[in-house]
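**Q** Protein sequence lines correspond, in order, to chains R, W, P, C, U and Y. Quick note: the first sequence, position 79, residue 79 per the numbering used here, numbers continuous. Quick note: the second sequence, position 44, residue 1044 per the numbering used here, numbers continuous. Quick note: the third sequence, position 31, residue 2031 per the numbering used here, numbers continuous. Quick note: the fourth sequence, position 199, residue 3199 per the numbering used here, numbers continuous. Quick note: the fifth sequence, position 38, residue 4038 per the numbering used here, numbers continuous. Quick note: the sixth sequence, position 193, residue 5193 per the numbering used here, numbers continuous.
Rather than coming from a laboratory, the hints here were simulated on the basis of the structure. Treat the numbers as computed from the prediction; the structure is a model and nothing was measured. All C-beta atoms in this analysis are idealised placements derived from N, C-alpha and C, irrespective of residue type, glycine included. Accuracy of the hints is not assured; some may be wrong.
Partial pick of chain Y residues on the chain U-facing surface, computed with a CB cut under 8 Å [what the hints assert, rightly or not]:
no., residue
1, T5230
2, P5231
3, F5265
In silico lysine to aspartate or glutamate, EDC-like type, Cα no more than 20 Å apart, as pairs [as the list claims (entries may be wrong)]:
no., chain 1, residue 1, chain 2, residue 2
4, P, K2027, R, D88
5, W, K1071, R, E97
6, P, K2027, R, E62
7, R, K71, P, D2110
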Amino acid sequence: MKMVIAVVRPEAADAVRQALLAVDIHKMTVSNVKGCGEQPGYVESHRGIVVEVNLLSKVRFEIAVNESFVKKAVDAIIQGARTNNIGDGKIFVLPIEQCYRIRTGESGNDAIG
Amino acid sequence: MKMVIAVVRPEAADAVRQALLAVDIHKMTVSNVKGCGEQPGYVESHRGIVVEVNLLSKVRFEIAVNESFVKKAVDAIIQGARTNNIGDGKIFVLPIEQCYRIRTGESGNDAIG
Amino acid sequence: MKMVIAVVRPEAADAVRQALLAVDIHKMTVSNVKGCGEQPGYVESHRGIVVEVNLLSKVRFEIAVNESFVKKAVDAIIQGARTNNIGDGKIFVLPIEQCYRIRTGESGNDAIG
Amino acid sequence: MKRKFLALCSLVVAELLIPGLASASTAGDAAAINTGDTAFMFVATGLVFLMTPGLALFYGGMVRKKNVLNTMLCSFVLIGLVTIQWVLFGYSLAFGADAFGGLIGGLEYLGFSGVGGAPCAYAATIPQGLFAMYQLMFAIITPAIITGAFVERFRFPVYMAFALIWTTLVYDPLAHWVWGAGGWLMEMGALDFAGGTVVHVSSGVAGLVAVLVIGKRKDYKLIPMFPHNTPFIMLGAAMLWFGWFGFNAGSALGLSTSSLAVIAFITTNVSAAAAMLSWLAVEWIHNKKPTLLGASTGAIVGLVAITPAAGFVSVASAIAIGLITAPLCYFGISFLKVRLGYDDSLDAFGCHGIGGIWGAMATGLFCDPAINSAVKHSGLFLGGGLHQLGVQLLSVVVTLALSGVVTFGALKLIARVTALRVSANDEIMGLDISVHGEDAYRDLVTE
Amino acid sequence: MKRKFLALCSLVVAELLIPGLASASTAGDAAAINTGDTAFMFVATGLVFLMTPGLALFYGGMVRKKNVLNTMLCSFVLIGLVTIQWVLFGYSLAFGADAFGGLIGGLEYLGFSGVGGAPCAYAATIPQGLFAMYQLMFAIITPAIITGAFVERFRFPVYMAFALIWTTLVYDPLAHWVWGAGGWLMEMGALDFAGGTVVHVSSGVAGLVAVLVIGKRKDYKLIPMFPHNTPFIMLGAAMLWFGWFGFNAGSALGLSTSSLAVIAFITTNVSAAAAMLSWLAVEWIHNKKPTLLGASTGAIVGLVAITPAAGFVSVASAIAIGLITAPLCYFGISFLKVRLGYDDSLDAFGCHGIGGIWGAMATGLFCDPAINSAVKHSGLFLGGGLHQLGVQLLSVVVTLALSGVVTFGALKLIARVTALRVSANDEIMGLDISVHGEDAYRDLVTE
Amino acid sequence: MKRKFLALCSLVVAELLIPGLASASTAGDAAAINTGDTAFMFVATGLVFLMTPGLALFYGGMVRKKNVLNTMLCSFVLIGLVTIQWVLFGYSLAFGADAFGGLIGGLEYLGFSGVGGAPCAYAATIPQGLFAMYQLMFAIITPAIITGAFVERFRFPVYMAFALIWTTLVYDPLAHWVWGAGGWLMEMGALDFAGGTVVHVSSGVAGLVAVLVIGKRKDYKLIPMFPHNTPFIMLGAAMLWFGWFGFNAGSALGLSTSSLAVIAFITTNVSAAAAMLSWLAVEWIHNKKPTLLGASTGAIVGLVAITPAAGFVSVASAIAIGLITAPLCYFGISFLKVRLGYDDSLDAFGCHGIGGIWGAMATGLFCDPAINSAVKHSGLFLGGGLHQLGVQLLSVVVTLALSGVVTFGALKLIARVTALRVSANDEIMGLDISVHGEDAYRDLVTE
Ligand SMILES: Nc1ncnc2c1ncn2[C@@H]1O[C@H](COP(=O)(O)OP(=O)(O)O)[C@@H](O)[C@H]1O
Ligand SMILES: Nc1ncnc2c1ncn2[C@@H]1O[C@H](COP(=O)(O)OP(=O)(O)O)[C@@H](O)[C@H]1O
Ligand SMILES: Nc1ncnc2c1ncn2[C@@H]1O[C@H](COP(=O)(O)OP(=O)(O)O)[C@@H](O)[C@H]1O
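Can you build the whole structure from these sequences, using the hints too?
**A** Structure, rendered in structure tokens:
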């Protein structure tokens, strides 16, 4: 089991979800984050004082999948989020050792989907 | 050392915390997330146009524990969060390779608690 | 590749970012969380009823780095966040199995920076 | 709701067919109209109007995020509902000539018939249409106050029905008894300058009875659920305070015949100020944490308490009334409510019930014939003995009884037909999403 | 913008040099001034002023988080822009004596010259300075309404230019035709009590034409983008409603010569109330989800619809006007807009265009000489035949034509010089950050 | 606070015991009362009242999330504190007959004794009670303005004491000198229509001195801390603007004796509009980012600058005053403040100090006897020479001196007894939680 963590542009979040659904990945957890990387920030101004802001709004997906779904998930995310411009984001795959479905107490591969 | 990540219903969050405290797990990090899975969404309406919303509010716990506490943590979370209805959420256990307490610079098993 | 997760005091977040930049770590994802641990909470009062609140605002950093940068990252975070008072927070290092840059489709060590 | 809507429609059609029924006369007795008084009462009416949205914010800020829209709508919708009720028959029931031996007003003003530019006996220097609008604003906010007690669990359609019943069977008769031509409480000498009993005691007790009938919120464990947006609370309180100038000073119904408007303006502001400071002082003594919620609540209970007394007492008395109301309500909310274990969500009873009862009694303690010649017996503290206090007590008891009984009866009756509360699941989801299908704030940045 | 600023400066300097050009006379014909009327109109002016910030909140709450400041600024900045335009020449164009054969007002009031404490023919009992300020507030809010259609994509500097052109070439002439001395629409007998055509139809159709010209938001897919802050919407709606009392009742321009102010006050409130209930009923019938957004929208369209009719119809007619406007607008927004596929972001046309047209026509259906002697022909439903309806239709068509054509022409012309829309990237980032360099809310707790 | 509370209580008790001390007379000289004027001044008073909650929002939106409630409470609580101070003795100090050789007013109005329905010399056509309430609202907002300088670090109980001292030792004497019967600044010919020096210069400089005494916020590094909620700022600015109509037009104290109210109404709105546009233009020139914060700030400094001049200058002059104030304040805030390195958190000095000084001087440049016969010497730009400018300068200097010295002295004195600032830890936690034990917004969805 793997945890696929993706950080994408806010405006791409919807397309990512659609792409995931299209490959039969329905379960995920989503949150607001701020990111910084190569993407240039923007300027805020406040009564004549101008400040550069580098942390930009991003959306973070957390998708736990069985091994066989990892590639599908990664491809779907890339498909939904890629604009070829700096700031498209990253995908990280982390190992999951165990998983439980709270409702049933099931664990392991069965619990993930 | 393991990272126990749990996504639960907002209304269960308090019970989960109590259950964790009861098994002597006091340290945790909590955040708001949105989740989708099997649980049906709800309908929003806006000046006569009706839209189905699937992302529901959930609360995410991140609890780093030593191996011996993993089962206690999982059981406590299940106890606090289980309603037997779709949407109760998931628990994921990920490996932690190293841990530091910022205040003291300690690392390893001692730093986690 | 490792995922360095740090939970620090909100007021230290800026210093942590500066310290990371100083060791050439520019990419990171940041979010608001609430944490509880040893740090004492505070009291809220509401029309004469007083309640103890234990979940305190914290800022969570998620920084994916190659092995060679782990120590730099950890040291920088500690340098930026340490006040020697209870509540300074924790750093967790988790393994990353794979990483992708969405913009280019690159993967592995090259994709992380 | 559907049926109610159809009923409304047919009423309107009926009126359109019966010529003249609702045509407001324009040929006013212009000579009697004082434009200064009219301008003043127009302002006062607008100010009291603004109190209901102010209350929506005050209450809305206090509930949890998942119930804010339901809470705000419960106040806001009454501007719609009670306006139509008032125009169709409510005004007539409250301010028509005595009918049924003084129990209620007659039907001569149905559909605002004849209510137009000419003055009437209630206010000789302004158009009756304006007087009726002014009184409407009171009729709107009164049931809105009740909602503070039972929000976060009450079914919306049931609420609409309940509000309609309550305003018709409690507010309209009470207004008639206290302010209507020949109203028996007024005749008896009860003093209620701007609605201490009619508005605050009646709604406060209705809230208490309602929560006793419908029960606690599922997750209420005697600890408060904290406000989700305290700046809204202060803004709401400020709008209420601002509006209250119209509420109390406007109750003089003009500027030309007396200086009561100015007196009431001063006492109102002074009592609110004193109660705000007094509430903060109590908080300071209690746990050294004076709060913005406390300052706002203090101001409101100071305004509640001075309402019946505003045009009858001196400035010094107004300070005393304000100073005392804050600890009384504080005690009621932080001790009595917890001890007795009822779940008055936003303290409708704790603020308006307790504050209103204290204000009504305080009027019997401090009323002063030197301030207002309508005061026939000086208050107890001015050496007038217990007489006025007794009358005030009676009017409080009558209000408690009428409002309590009707509220109880109405809810019990409705409960036979349909559920009063939303389902447990809907309550957990929050009423905004489950009942209204809308979410107050967008959380995800993608939205 | 820089150039405009310089132009403004030089105008001001010019005025300073030409003595007397802008000196407001103080030696008013004090005898004619009625202080009650003046106090009333001062209040009415203040109330209408407040509508523009109210609209800023109403609109601001409805857009997505990333565009809220741009949206609010589009309304708020007009208080600045239109005030200066009005004082320099707008008022003169609208209310000066007929020039160019009645197409527009003359230049006698340039720089508010002679507009001071003395009354004028428009309102004999209040200072002309106050009359001019009252009318200014209408001039401010009208272009602000348009913005609801095209927010979330329009360039700000272009917007400033467009607003200046539009208020000069559409609003000022229209106001002259309908309300100016010898205005030809008024002479023809068109009834528009407080601006149904001048304000609402004109701005609503301008919004529609504008979005047809500039196109949809990039990510608009016929499903609405949900409001980011619904409590702001209710607060904005409440401020609008409150202000509308000044808008409609104030249009009687005083209290001393007629009771129209009171009539308009009543019909305004009643129509808004009926429309609120009616909107909620439609939502209930549709999907059992009455909403706070719906209650707010209903109230607004009820206010829009009664605007032209407020001083001409009975209370019963006002109820009917309100009840009918809600389903009309609901249908327009949820069906027509989707079917035709234009992107009227916040339904400026759906609410003000449709509601305004209905109100103008309804005036021809319900107007009643018994209410207002200015009504020469009873409405169709009062047996007066089709005459008034025809005149109303004509005034609607004239408004649609003038506003539609000028809006289209102005935008097409500007589009030759510069882009109307922000870049795709800026639209995605949100206009707050990309255009204004500011972020409405701080998300990170560190900030 | 406890002790202060006890002191208040005993005063009240004292008054209750000394009969008549505080009884407001109702037997007013009704003949002299003009109901139109009275209605107007009632409205003006309400409008100025609303400015303080408006300021609470304006300031509250500008601070960081963790300090919003403290910031709002600092303004809001003054409605309580200053009301009581004013009623007990403040009004008498300011508007009583000269005592101590004109340094301060006498004690004849202690406890509002004799302040009731009858008019007084200050305003012959309205009840003195209303005049006193109107002036109260000015007394409330003045110290509230100061808080903008030192929020996010000042101790709350110390603040309460400071506010009480400041309003008594700075505001009351200043008001007496400028507006009181026989006030020496007024006698000398200083022109201050609505409080440019008394309100704005005095509070602005107090803010500057206070931050010099207490020092910077711990984490202030010459870059601004961004507002946490900019829509609140616009709403606050709009409420201030709305209220300012009462502030400036109301300063004519009526409508019947002059048309100054209308003149002031026009100049006020025009100056604010010009300053808003001018601020946006400066931002545009600077970095092409016109902001909503800028539009709001521009409007406020335009209102500040016109305050002393409102009833003395022409419309064209008002435009000029507004156009110039924005760049002046912009420069002061973005350059001077940074260069000199003081931490005026929300620019109380930058807006009210600089804008107020400019306004006072501008009155000496533009004042026009043709507008107001109280102007004895035309302004410099109207050919009247330097005389009036000199008098204005003197009144500014006197204000700077009095307010600066008392603020410095009071803070230094208090600092001997107790700390002025919260602890470093509390400052980091935020004052809302550490000082008040409440959190403005609920973040976790579980709450
Ligand atoms: N090493 C990293 N660790 C954590 N988050 C990262 C990392 N690299 C990128 N991100 C996230 O991805 C976002 C986009 O990265 P950026 O470098 O701007 O563009 P790109 O991925 O196209 O090179 C960042 O804002 C950040 O949230
Ligand atoms: N594979 C997954 N990856 C990430 N989050 C998940 C996953 N499965 C479930 N979740 C989280 O758990 C929540 C509940 O899941 P759901 O399928 O609705 O109910 P249940 O867990 O009872 O089957 C989801 O809203 C989502 O936040
Ligand atoms: N085991 C843990 N799992 C998850 N989060 C933790 C854990 N321990 C600490 N934290 C986070 O670190 C924060 C600080 O911890 P605390 O125990 O208060 O102080 P310290 O780290 O100085 O001992 C907590 O509020 C919490 O967010």
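**Q** When the nearest CB of chain U is found for P5231 (chain Y), is that gap smaller than 8 Å?
**A** holds (6 Å)
**Q** Under 8 Å is the threshold here; is the Cβ of T5230 (chain Y) close enough to any Cβ of chain U for the hint to stand?
**A** Given a least distance of 5 Å, the restraint on T5230 (chain Y) holds.
**Q** When you check the alpha-carbon spacing of K1071 (chain W) and E97 (chain R), does it fall within 20 Å?
**A** holds (13 Å)
**Q** Taking only the CA atoms, is the gap from K71 (chain R) to D2110 (chain P) under or equal to 20 Å?
**A** This hinted pair holds, its Cα atoms lying about 18 Å apart.
**Q** Would the pair K2027 (chain P) and E62 (chain R) pass a check requiring their Cα atoms to be no farther apart than 20 Å?
**A** holds (19 Å)
**Q** Could you grab the alpha-carbon distance between K2027 (chain P) and D88 (chain R) and see if it respects the 20 Å cut-off?
**A** holds (13 Å)
**Q** Under 8 Å, Cβ to Cβ, is where F5265 (chain Y) needs to be relative to chain U, so tell me if that hint holds or is violated.
**A** Since the shortest Cβ distance to chain U is 6 Å, the answer is holds.
Of the numbered hints given earlier, the model fails none.
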